[in-house]
Amino acid sequence: MPINSVLVVDDEAKVTETIGRFLKVKGFAVFQAHDGEQALVEAKRQTPDVVLMDIRMPHMDGIECLKQIKALYPETEVIMATAVGEMDTAVECMQAGAFGYLPKPIDFQALNVEINKALEHRELVRKVNDYQKNLEQKVDERTKEVQALNVQLKDSFLVSVRLLVGMVEAYDPFVGGHLKRVALVAGEVGKMMKLPPRDLADLKLAAFLHDIGIITLPREWREADYSKLTPDQVAFIKQHPAFAQSILSPSEELGRAGNIIRSHLEHLDGTGFPDGLLDERIPPAAKILGVANAFDEIVFRRRFTAEKLETQKEKEAFAVKHLYQNAGKFYQRDVVAALEKVLQTSDLEPKRGIRVDIQNLKPGMNLAEDVYTRNGVLLLAQGHALTTAQIRQIETFSRMGLVNGVLNIVRG
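Residue numbers (our numbering): 22 to 433.
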């Protein structure tokens with residue numbers, strides 16, 4: 022068991038020697054100093070467990086020395102001793118970090134009790150500090166675990182989203198491309214309109230999935246001219262945003278996107294569907310999604326016009342003109358204006374990667390697009406960083422003819 026040490030500081034050598042002999046008998050290792058400056062030197066050399074120090078000393082008084090010792094060695098307990106019987110001096114010592122205060126001449130039995138109390142306090146402080154460090158370490162470890170889990174959940178969530186998009190693409194390839202284009206446009210318009218980060222994320226997610234409800238519709242209804250369908254069939258088709266909301270509702274995050282999707286085909290004048298909502302009841306993100314959706318429908322599906330438009334710019338200009346003509350009736354004017362500004366200032370072309378043969382893949386490369394098997398099963402999601410094991414698996418699948426021999430990799 023280690024011997025506890027005490028540094029005795031007093032400008033009178035006889036006092037330090039007398040106290041030192043008593044403490045040695047009690048089993049302590051004892052060191053001596055005769056002024057504040059010597060005390061700091063000994064404290065640095067010996068790092069004592071306890072310091073017993075007079076207040077009135079030459080060169081540096083006890084209170085100043087106390088402050089420096091506690092600043093340098095916070096675990097060292099300091100007991101002050103003085104013949105001065107003023108209460109304010111004792112209070113000043115305690116405020117400076119002293120453990121205790123003894124009047125001179127010192128009663129040896131009281132000193133022994135005070136030193137042992139100081140040692141008990143020191144041990145308790147150490148245990149508390151150790152506990153705090155262990156707790157902080159455990160919290161840090163737990164935080165890292167939670168962060169890692171959140172990354173896994175996010176990756177899993179994104180895979181789920183892409184699987185849903187893949188289901189729609191399998192149902193209707195045009196709609197798959199439509200979803201991606203609308204997500205790009207809606208996201209840029211949302212940023213232009215300074216949506217809060219969470220609302221913007223929900224909008225992008227909603228845009229990616231806004232036509233998920235069409236998988237509930239018979240294909241012949243989806244592709245038919247509405248004039249050739251019965252009123253009941255048309256009414257059923259117009260429920261597809263509500264069907265999408267129902268599909269997504271079990272998940273909190275997807276559910277928020279589902280709420281946007283449900284209202285994206287509503288019109289300001291109440292003539293939209295499925296609920297016939299008026300302007301103020303339509304969520305802001307749904308208004309943005311509605312404009313982005315209509316824009317893409319006009320440009321790529323050629324809805325609302327039979328005019329022959331040669332270039333992409335002509336198609337976009339016609340779409341914006343149509344949206345402005347219906348602003349205030351169907352669409353919110355400031356959303357259309359934001360879309361127009363996005364078209365003028367932003368590059369809406371999807372980011373392209375480079376084609377890399379499977380045999381040239383390297384760990385750490387990031388996928389620029391999802392990787393599917395030839396029968397449509399998602400293997401790896403866009404943005405995923407390849408590992409050595411995954412590259413070997415892809416090579417095996419390629420030899421079996423299950424995947425293409427070339428992947429799209431992010432430039433870098």
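FYI, nobody ran anything at the bench for these hints, they're computed from the structure.
A hint or two may mislead.
Stated by the list, open to error - The following label-pair restraints were derived from C-beta to C-beta distances: (1) Q411 - Q67: 44 to 52 Å; (2) Y345 - P305: 47 to 55 Å; (3) D161 - T332: 27 to 35 Å; (4) L156 - E301: 45 to 53 Å; (5) K259 - P305: 19 to 27 Å.
Only a predicted model underlies this, so the values are computations on that prediction, with no experimental measurement involved.
The beta-carbon is built from N, C-alpha and C at its ideal position, and this holds for glycine as well.
Now for the hints, and whether the structure bears them out:
| no. | hint | verdict |
| --- | --- | --- |
| 1 | Q411 - Q67: 44 to 52 Å | violated (60 Å) |
| 2 | Y345 - P305: 47 to 55 Å | violated (19 Å) |
| 3 | D161 - T332: 27 to 35 Å | violated (57 Å) |
| 4 | L156 - E301: 45 to 53 Å | holds (50 Å) |
| 5 | K259 - P305: 19 to 27 Å | holds (22 Å) |
In terms of the numbered hints stated before, the structure departs from hints 1, 2 and 3, listed from lowest to highest.
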